[in-house]
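With our numbering, the residue at position 590 of the sequence shown is 594, and numbering never jumps.
No lab work stands behind these hints, which were simulated from the structure alone.
Computed from a predicted structure; not experimentally measured.
Heads up, the beta-carbon is just placed ideally off N, CA and C, and yes, glycines get one too.
Treat the hints loosely; a few may be bogus.
Ranges of calculated distance between the beta carbons of each label pair, as one might list FRET restraints [what the hints assert, rightly or not]:
hint, residue 1, residue 2, range
1, Asp186, Lys599, 50 to 60 Å
2, Lys76, Glu336, 30 to 40 Å
3, Ala503, Val603, 33 to 43 Å
4, Lys96, Ala181, 27 to 37 Å
5, Arg318, Ala568, 35 to 45 Å
6, Gly286, Val506, 20 to 30 Å
7, Ser480, Val506, 22 to 32 Å
8, Pro565, Lys605, 31 to 41 Å
9, His596, Ala568, 22 to 32 Å
10, Met261, Lys462, 40 to 50 Å
11, Gly200, Arg62, 44 to 54 Å
Below, in silico cross-link-like pairs of lysine-lysine (DSS-like), each with a Cα-Cα straight-line distance of 25 Å or less [to be verified]:
hint, residue 1, residue 2
12, Lys292, Lys410
13, Lys529, Lys477
14, Lys456, Lys368
15, Lys533, Lys564
16, Lys236, Lys292
17, Lys163, Lys277
18, Lys96, Lys107
19, Lys235, Lys582
20, Lys277, Lys238
21, Lys529, Lys462
22, Lys456, Lys292
23, Lys238, Lys314
24, Lys502, Lys161
25, Lys564, Lys502
26, Lys277, Lys230
27, Lys32, Lys111
28, Lys502, Lys456
29, Lys63, Lys456
30, Lys70, Lys314
31, Lys161, Lys314
32, Lys456, Lys468
33, Lys314, Lys153
34, Lys468, Lys564
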Amino acid sequence: MSLYDKNIGAEKKASLEFAEQSRETEWKYPSFALQMFHGRVDWRLIHPFPVQSAEDKRKGDAFLQKLETFLKNNLDANAVDQTGIIPENVMKGLAELGAFAIKIPEKYGGLGMSQVNYNRAIHLVASYCGSTAVLLSAHQSIGVPQPLKLFGTEEQKAKYLPMFAQGAISAFALTEAQAGSDPRQMTTSATPTEDGKHFLINGEKLWCTNGNIAQVIIVMAVTPPKIVNGKKHKQITAFIVETNTPGFEVVHRCMFMGLRGIQNGLLRFTNVKVPRENIILGEGEGLKLALMTLNTGRLTLPAASTGISKWCLRVSRQWSLERRQWGASIGEHESIALKLGYMASHTFAMDALNWLTSAMADDKNKDIRLEAAIAKYFCTHHSWRIADETLQIRGGQGYETQASLKARGQHDWPVERVLRDVRINTIIEGTSEIMHLFIAREALDPHLDKIKALLSPKTSAAQKLTAALRAFKYYSLWYPRTWLPFETHVPEMDSRLKAYSVYVQHTSRRLGRTIFHAMLQHQKKLEAKQAILNRIVDTGVELFVMATCCAYADYLLKNKPQQANAFDLADLYCRAAKERIEGLLRGNHNNHDRKTFGVAKKLLAKEYEWLENDIII
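Build out the structure end to end from the sequences listed, making use of the hints.
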């Protein structure tokens, strides 16, 4: 659905306009991914591959060692899955280690660690217990500490950050029963008191992870509308809410397919009185705060997904050597070997992507909103597939529970639990479908900025002419350049990776042209062509990951002799990615989208209702 479509309904238009107003529209710092979508590859942004300083790594190593030892000695991950409870002694021990304050500055009592070290911690914990990883990440990535660090006043930081350093837990309350990806549907309200010094919050929030046990919560609520040019504009504001405030209630603990140890609930607010000074960023800036927080906050999902994938790879490798069928280990059979090759190469790609984006987050001179979204989408997608392949390799013993395996004296790898736990990652903090739309919107932003005046029905003829001349001036220079065969120099890239780096550069220009052609063909309707946009996004994702793999492999080849075989993994991933990219680009012209949409339309119209016969529901 396009904002520029004359036929768009009033409700849909209002929702789109509301979301658009909350977006970051400026690109103050460079983005490798953004440039790549427009046919430019600036290798300087990712090559040489960024690595931790020796001091930062030493600090992280010491913490991770203590964290690993504590978890092994005190936490039974399968018991957490069975009971639905992370034991109190574990919660206390994590607090004493500083695990709830990893990124909080030392002056507030936290560990003051980098994003890289924080993601190393989540990567480690996720490989052991998904529920505990979510406990830590929901609190620190999107809970109170992260938005407070980014946007909080010094008074807010001084009051709340030391609490988290002492083990207090936080949460982020945004979603409602009817408001998820469309925040305009939010109904939870915050009404100012007569003296204007407080707000009264009323409403319910759903699926709030940690909400059941949190001491402090970020709550998104609708505040009185802003009047602009005589029109009312809905405002969503972010509040810091202490859960011991009268009127706060945990109505229900939500239970899920996996992650059975998380405390996730339905929360109710009845005249919860909150001081005005507990507003973060400003009145009406809540959604912007949420989006900007997620730019960094969602990086824990690639970290967790990579940790889980490495665990799956270890289990699959070991089982493929031990299990014998027809006189040979199952890993020697081609069907299993192909799975193992895919798992190894894509785990390598996830590892590269995870550490690159983590380092980018620590570098304050890069805009990572696209890179973070790509990492989230790519890593969660492939970790789910890798977990599924692990269960397939394990066969019946993969489907059997850890407790049952242990009782029979078998390897008690909890593959079925891991599969259940990892499935949510393609949904939380933006579903894969929403990530497609987000990446597409941000990637197209520079193009749309140049032509939006041409598309808008509100633009005068004179304004359209000016915009047309400006667009023509830009594209008359840009478009021919996308056909030129010149190459951007890749400094000292390993010769075996050169062909892939050149492919990334050339194909990024093809991608830029593809976007341009799609804009010419579909114009204002392009934003509604999700099948085309999805293929464009997936092409860009694969190119970005290819570039990341090349940069990471080049670093390992030059600096880690014991990991020189990293080229094999990068090579295999890049071969598979090239195959997928060529299919995606062909798919823009050769597809069955229209037929598929037609069948879906008839299905919704109940024309195939007969296909649903003979079931119980």
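Comparing the hints with the structure gives:
no.	hint	in the structure
1	Asp186 with Lys599: 50 to 60 Å	violated, 29 Å
2	Lys76 with Glu336: 30 to 40 Å	holds, 33 Å
3	Ala503 with Val603: 33 to 43 Å	holds, 41 Å
4	Lys96 with Ala181: 27 to 37 Å	holds, 34 Å
5	Arg318 with Ala568: 35 to 45 Å	violated, 21 Å
6	Gly286 with Val506: 20 to 30 Å	violated, 47 Å
7	Ser480 with Val506: 22 to 32 Å	holds, 26 Å
8	Pro565 with Lys605: 31 to 41 Å	violated, 59 Å
9	His596 with Ala568: 22 to 32 Å	violated, 44 Å
10	Met261 with Lys462: 40 to 50 Å	holds, 47 Å
11	Gly200 with Arg62: 44 to 54 Å	holds, 51 Å
12	Lys292 with Lys410	violated, 49 Å
13	Lys529 with Lys477	holds, 24 Å
14	Lys456 with Lys368	violated, 30 Å
15	Lys533 with Lys564	violated, 45 Å
16	Lys236 with Lys292	holds, 18 Å
17	Lys163 with Lys277	holds, 18 Å
18	Lys96 with Lys107	holds, 18 Å
19	Lys235 with Lys582	violated, 50 Å
20	Lys277 with Lys238	holds, 21 Å
21	Lys529 with Lys462	holds, 17 Å
22	Lys456 with Lys292	holds, 22 Å
23	Lys238 with Lys314	violated, 45 Å
24	Lys502 with Lys161	violated, 48 Å
25	Lys564 with Lys502	holds, 19 Å
26	Lys277 with Lys230	holds, 22 Å
27	Lys32 with Lys111	violated, 29 Å
28	Lys502 with Lys456	violated, 38 Å
29	Lys63 with Lys456	violated, 49 Å
30	Lys70 with Lys314	holds, 21 Å
31	Lys161 with Lys314	violated, 37 Å
32	Lys456 with Lys468	holds, 9 Å
33	Lys314 with Lys153	violated, 31 Å
34	Lys468 with Lys564	violated, 57 Å
When held up to the earlier numbered hints, the structure conflicts with 1, 5, 6, 8, 9, 12, 14, 15, 19, 23, 24, 27, 28, 29, 31, 33 and 34 and fits the remainder.
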